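Residue numbers (this note's numbering), protein chains in the order written: chain A, 1434 to 1875; chain B, 1434 to 1875; chain C, 1434 to 1875; chain D, 1434 to 1875.
The set of hints was computed from the structure by calculation and includes no laboratory data. Hints may be right or wrong, so weigh each one.
Since the list can't tell identical chains apart, any single copy or any two copies may satisfy a pair.
[As the list claims (entries may be wrong)] Listed below are the simulated BS3-like cross-link pairs for lysine-lysine, each with C-alpha atoms no more than 27 Å apart in a straight line:
{"#": "1", "residue 1": "Lys1794", "residue 2": "Lys1729"}
{"#": "2", "residue 1": "Lys1702", "residue 2": "Lys1538"}
{"#": "3", "residue 1": "Lys1794", "residue 2": "Lys1650"}
{"#": "4", "residue 1": "Lys1599", "residue 2": "Lys1680"}
{"#": "5", "residue 1": "Lys1538", "residue 2": "Lys1705"}
{"#": "6", "residue 1": "Lys1794", "residue 2": "Lys1652"}
{"#": "7", "residue 1": "Lys1722", "residue 2": "Lys1863"}
{"#": "8", "residue 1": "Lys1863", "residue 2": "Lys1680"}
{"#": "9", "residue 1": "Lys1722", "residue 2": "Lys1706"}
{"#": "10", "residue 1": "Lys1494", "residue 2": "Lys1722"}
{"#": "11", "residue 1": "Lys1600", "residue 2": "Lys1652"}
{"#": "12", "residue 1": "Lys1599", "residue 2": "Lys1650"}
Remember, it's a predicted structure, so these values are computed and weren't measured experimentally.
Number of protein chains: 4
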Amino acid sequence: MTEGIKIATIGGGSSYTPELVEGFIKRYDELPVRELWLVDIEEGKEKMEIVGNLAKRMVQKAGLPIDIHLTLDRREALKGADFVTTQFRVGLLDARAKDERIPLKYGVLGQETNGPGGLFKGLRTIPVILDICRDMEELCPDAWLINFTNPAGMVTEAVLRYANIKKVVGLCNVPIGIEMGVAKLLDVDHSRIRIDFAGLNHMVYGLDVYLDGVSVKDKVIEMITDPNNSSFVKNIEGLGWEPSFVKALGVLTCPYHMYYYKSREMVEKDLKKAKEEGTRAEVVQRLEKELFELYKDPNLDIKPPQLEERGGAYYSDAAVRLIHSIYTDRRDIQPVNTMNRGAIASIPDDSAVEVSCVITKDGPKPIAMGDLPVPVRGLVQQIKSFERVAAEAAVTGDYDLTVLAMTINPLSPSDTIAKQIVDDMLEAHKEHLPQFFNEVQA
Amino acid sequence: MTEGIKIATIGGGSSYTPELVEGFIKRYDELPVRELWLVDIEEGKEKMEIVGNLAKRMVQKAGLPIDIHLTLDRREALKGADFVTTQFRVGLLDARAKDERIPLKYGVLGQETNGPGGLFKGLRTIPVILDICRDMEELCPDAWLINFTNPAGMVTEAVLRYANIKKVVGLCNVPIGIEMGVAKLLDVDHSRIRIDFAGLNHMVYGLDVYLDGVSVKDKVIEMITDPNNSSFVKNIEGLGWEPSFVKALGVLTCPYHMYYYKSREMVEKDLKKAKEEGTRAEVVQRLEKELFELYKDPNLDIKPPQLEERGGAYYSDAAVRLIHSIYTDRRDIQPVNTMNRGAIASIPDDSAVEVSCVITKDGPKPIAMGDLPVPVRGLVQQIKSFERVAAEAAVTGDYDLTVLAMTINPLSPSDTIAKQIVDDMLEAHKEHLPQFFNEVQA
Amino acid sequence: MTEGIKIATIGGGSSYTPELVEGFIKRYDELPVRELWLVDIEEGKEKMEIVGNLAKRMVQKAGLPIDIHLTLDRREALKGADFVTTQFRVGLLDARAKDERIPLKYGVLGQETNGPGGLFKGLRTIPVILDICRDMEELCPDAWLINFTNPAGMVTEAVLRYANIKKVVGLCNVPIGIEMGVAKLLDVDHSRIRIDFAGLNHMVYGLDVYLDGVSVKDKVIEMITDPNNSSFVKNIEGLGWEPSFVKALGVLTCPYHMYYYKSREMVEKDLKKAKEEGTRAEVVQRLEKELFELYKDPNLDIKPPQLEERGGAYYSDAAVRLIHSIYTDRRDIQPVNTMNRGAIASIPDDSAVEVSCVITKDGPKPIAMGDLPVPVRGLVQQIKSFERVAAEAAVTGDYDLTVLAMTINPLSPSDTIAKQIVDDMLEAHKEHLPQFFNEVQA
Amino acid sequence: MTEGIKIATIGGGSSYTPELVEGFIKRYDELPVRELWLVDIEEGKEKMEIVGNLAKRMVQKAGLPIDIHLTLDRREALKGADFVTTQFRVGLLDARAKDERIPLKYGVLGQETNGPGGLFKGLRTIPVILDICRDMEELCPDAWLINFTNPAGMVTEAVLRYANIKKVVGLCNVPIGIEMGVAKLLDVDHSRIRIDFAGLNHMVYGLDVYLDGVSVKDKVIEMITDPNNSSFVKNIEGLGWEPSFVKALGVLTCPYHMYYYKSREMVEKDLKKAKEEGTRAEVVQRLEKELFELYKDPNLDIKPPQLEERGGAYYSDAAVRLIHSIYTDRRDIQPVNTMNRGAIASIPDDSAVEVSCVITKDGPKPIAMGDLPVPVRGLVQQIKSFERVAAEAAVTGDYDLTVLAMTINPLSPSDTIAKQIVDDMLEAHKEHLPQFFNEVQA
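Whole structure, please, built from the sequences with the hints as guidance.
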């Protein structure tokens, strides 16, 4: 890496960008970013300019020599980059809204990461990511790809299997959120908590929890299953876990587990929400609109506090923290999506997992966790089966594989309904799924 | 084993017994059974006498020196036995009816083998089986336990983990049914077909299909996914698979997969049936009543053809075939439930699996199958997780583990509903679940 | 397979051929061979004609319609073959003599199968075998390759990794010899003994021993470690095992283990023999000369009993037995070299192992053995490491890999001596190792 | 852990103690040791007093409030300890001299860690370690056992399998020595080098080497195999590796690999040394004598530079570094001996391995390394087999297991010679091997 770090951010027009910029500003002393290239496509140009100008004002206010570049030319941005971050959304929030709405028509959760919606998000995203990987191979072969485009697990799996670049990390804000939740629950500083995370993206478990190096897992489980004290669990989704379930499980769950261990209630909730306030995508669309209005304000030169309501808190910060640790060979422990290499038994060594890693200059090194507890092995394997079939479907554009992926998703109620959802969604997302239609057109 | 083979059949009053007896008669030349002990409990005495007398007439007609003993004294029956078969049902069909009805109240499939109903069948059955194992250890330590009491997979898992006897085989008629179905589809004799079976009980897949030693799997899949020819699939449950799903899956499924890959349709069907004709248990109760009326006929001295409508065809025959192969060291290939020992990758070596085995005098030796195809690994692991937690719950009588087992079952819609079903079922089956209540009473 | 079975035997001029022919004659009823093609190279033409004429007389005497063809045209022989057996020896016995003599110069055992000599036998043989595989792919893609050219383990590993045909079995007479030894020790008929074999070629262990299906392993170990009764062990190599070693090992060894667990005595013995009577190759050369004199006798029309002194008893018979079981889908248990598929834990699934298999029309299906006992895991892994590096060296002609393979062989005393032996042997075998020299010449 | 750290050092009279004390002094700011208890047995009392007084002078000079306690009462020392370090030697250097001399009589390397000598060192040491573990369970259940008594791998394996305490780390100075060697070779500061270590104690490989996070493994291998530049390799043992061997191996070896990949030269060297200057133990005895003379000097109040000639450089420092990282939850990367947990494929999860770990307050967390390269798997497994059988022999006092362990050691030339060595050594070490003799006496 050269003295002046160059960052290329694909999907630079995202509303998250101010958080990213703030992260770089905060860590400038140890992570001297010289160039930050925001890249977007024609449709995102306006948003990129708004957010890019805010970024410029933030940097200026901080008095730092970071050059912000705005471009539609991805190849120029990638040339010689040290880190490439991806936060784009193929089809924008409109596509997400479809991912959520269409399955709901069949009484099925959309779940835009590792559910039925996530399948189609993956089908749209993976070809683009692989295309970026091919560009990187040519233009910045030593760069790290820091992906936080969802479904991050499936995308990482696809890059590991189908791309030639090997320096890829998938990132998620869920584990850091759990750590912060635990810290709050125990009323201690976040830095004193460490959790052994293992599983898959949005399907990660906290196998053990340490406060100052001493296991407090049992205590935490006791607190979150105590009806007089269960603030922690309730906060996450407004739905509490059954204490018996959590106690016998014996490990910490993540909020996304609600979709799997509480599917019926979640589908009812989503149906109700979809009716009353719109799906999450639709809510976010409104929030984003407001955010961009704020961003336009020429007097605004910090990350506006309203961004945190957008959700995805810590996301960009997690990315900057990771880049920081790689750049400085910091060797701290962070949970990321990377190649398993035996860290979690019974998941193939060459598959992507989400696991606590030591972050070195050579990237994340997963900590060996042994086997997952018996009760959670099944669901983890099921999502991994889903991710792998889905990744193959994304690459091949194979219809049957798509139906199969949808059917084996734990949220799917049957092969027949899976096929119906697939048919509807293929139609709805047609323009973003060329791999499924091009041959027919030819 | 001594010259004169002694068989002890626990649950001897079962309506299946005539099939068992017929099996022994047919194979008498190579499998000279001298004593067949039918054992039952007080509540089953009347049925045992009816079916026992029919058995005696059958043997007499065949002119064979097989002594039929009827007893309520299990220990006497076990003493010096060479093979112990178990076909009992704790709580009889009434209990099964509850296993089916209670989950349906919550819109959940009962599925009395590896579903919610199966959990409670396991909780009732496992302590009894382990008790039989302890008796066997003392009274017939060299005998083989041939279990076909369901849930056969969970029961085999429990025996492997919690009993001291090691000579146990779990048996199922599903694989043989699939082989027969394929033979019929291809219009060839059953003996020319061989299928590589691997998975778990009622969750078994046909990884490859051979006709005269040549793989015809692709052809079979083509036939069963051809809408003009899909007689095979339709026959099983009246519901056909989506061709895309089956083609991409690339292996043969078993009928019980319907519960998992077609849950919504199955629950609707079961709800409808429960309303119109009663649950399967209730239908079987009526069938059994008629069967026992037939059995009483002093002129009946063969297995009545009506037995085949009872379902469970080939069950007892499969048991006799297995006993025959062990006794004669026949070394043929049969799919049974046994310890994995590495035959299926990613299932622990010491867990029970259902897999094609060579049957030797020293019991079944599983054929190494390598890993399961990616798309099916998840569901198999999920059922294995379920079976293991359920077996532990059965042995410990632990409430939290029971809620956990119910929650992680793939048919469960949520932890909360799982808990409700558990609470209802614990109450309903109270008298057969002493391990859950005794301590409280004490 | 067509009605008339066609066999192609590469290295048809071997002195073993009469045993092969005898095997086909004995089993003709169930295994109706119509054509047996003996193939050899120019240098082997004379021997092939002698043995081929004997074969013709044998078939005539038996009154069977088996056509014996003699040819130097391998492709003609392969065309449409059902089974291809390989028993050739690149460089003939002269090369073997070098494999044995050169390491001895350095005080190192030659051990022509998985020792230093075996490395060079592999380097000479593997390219020829892979060439045959390419021909088979084109000329008889459905045929089975039954290899009994040593080093059979390394050759099978190479075919599994580097050839496109998948129907390959490596064969060895060692396991059958152990079974016969045990039968003799217990004074029972061979058919009543079954041994669970697991390991690698010439590095196979008997994990358990059954007489009529009951384990007699402990009894056998007691007998072979009883100084008053240790006829079994002594017979094999004239050197007895230490009883303590065998008892604690707890499994049966094979004769080739002498080279590894008794290296020093073996090297002394080989040095003495080499001086007094010549190496084994030289002894065999004399025996073969005598045998071929016998074979020339126009009145000889059976396999002459003197062949058994040649060593390698049961070799060809084992091959015919295997062909017979595949052809008739016999499903008996035979120990062969095949792809592991999980049968032996901690050996990769895609590596060759020697293990008890059920022999079906679709070939051998390995029986899952779980893990090897702790004390034997190391040596097995070491030979497997050696086989894999050696196979790669054979395919690439890479000098460094050859030195590495020689160094990691358990019989090697050091990297420096390994290099010296490699240098000497490369020079000595130059004409049969084109892959190491051709590039230089070009 | 309480404010004031208490360290108990078993074998406190060791000549290494000043290095340990120096380490604590250097790190006092972050690792405030309040009490250091040196424990020894009666025979070591004099040396303990000499070294203990030096320790007191060192602490005084440093002006630190560390209390040095000298005691023969192990239990008093253990009570409430935070860390227990073990550096004792059962039978002192006399026993080591026997470990080295006796095998040499048979032309076999003694190799006092994982060779024949190491077997007996293990037999003497393991029962004492397990005894310490039992005391710790009672007196300081939360303490960490930092073992650097050799054979550290076998001892760690034994503690993991046979003790109840789980907080154990085995330590070795070999990996740090390799890192320093590489740093010197590349002429860079040690802190810029990181090596992925994986294997077993004294059988560890450097799978990759990073300079500032970029792999320089190929460059390092090129340098150490360049005859004009091979200073690195030659320095270690005076014997160079064959460049072909190292290049094809493709990973870094450790000095102890000389015993296995260069056995013949090493045995010749050891025989020569034994004759000319005595075995290593005898040399060390002389060095120690001189050292203790130095230590007696009442004016000496620092670690004397002569200690470094003793060998074992960095040993005690490595221990203090480890304690420091655990105490401060430092999360740096150190190679230690710990439970595998899947970090190295094909070594059982519950076995001890030597592997790069992140050091947390909860101890070392191994980094997942995937599988070892093919060429090294065999030797690693062989040493692991040896360690496990040896540990079992140490615990049971079983003669046959001892002969087996000796026979399967890669340095053993045969079962018969192994037995002879075992017999001689049992006799020679009789007084320190009560588990082999007590039953006979009783």
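Against the structure, the hints:
| no. | hint | verdict |
| --- | --- | --- |
| 1 | Lys1794 / Lys1729 | neither (37 Å within a copy, 47 Å between copies) |
| 2 | Lys1702 / Lys1538 | both (14 Å within a copy, 21 Å between copies) |
| 3 | Lys1794 / Lys1650 | between (31 Å within a copy, 15 Å between copies) |
| 4 | Lys1599 / Lys1680 | between (39 Å within a copy, 24 Å between copies) |
| 5 | Lys1538 / Lys1705 | both (12 Å within a copy, 23 Å between copies) |
| 6 | Lys1794 / Lys1652 | between (36 Å within a copy, 18 Å between copies) |
| 7 | Lys1722 / Lys1863 | within (26 Å within a copy, 58 Å between copies) |
| 8 | Lys1863 / Lys1680 | between (45 Å within a copy, 23 Å between copies) |
| 9 | Lys1722 / Lys1706 | within (20 Å within a copy, 52 Å between copies) |
| 10 | Lys1494 / Lys1722 | within (25 Å within a copy, 69 Å between copies) |
| 11 | Lys1600 / Lys1652 | between (38 Å within a copy, 21 Å between copies) |
| 12 | Lys1599 / Lys1650 | between (35 Å within a copy, 17 Å between copies) |
Of the numbered hints stated above, the single one contradicted by the structure is hint 1.
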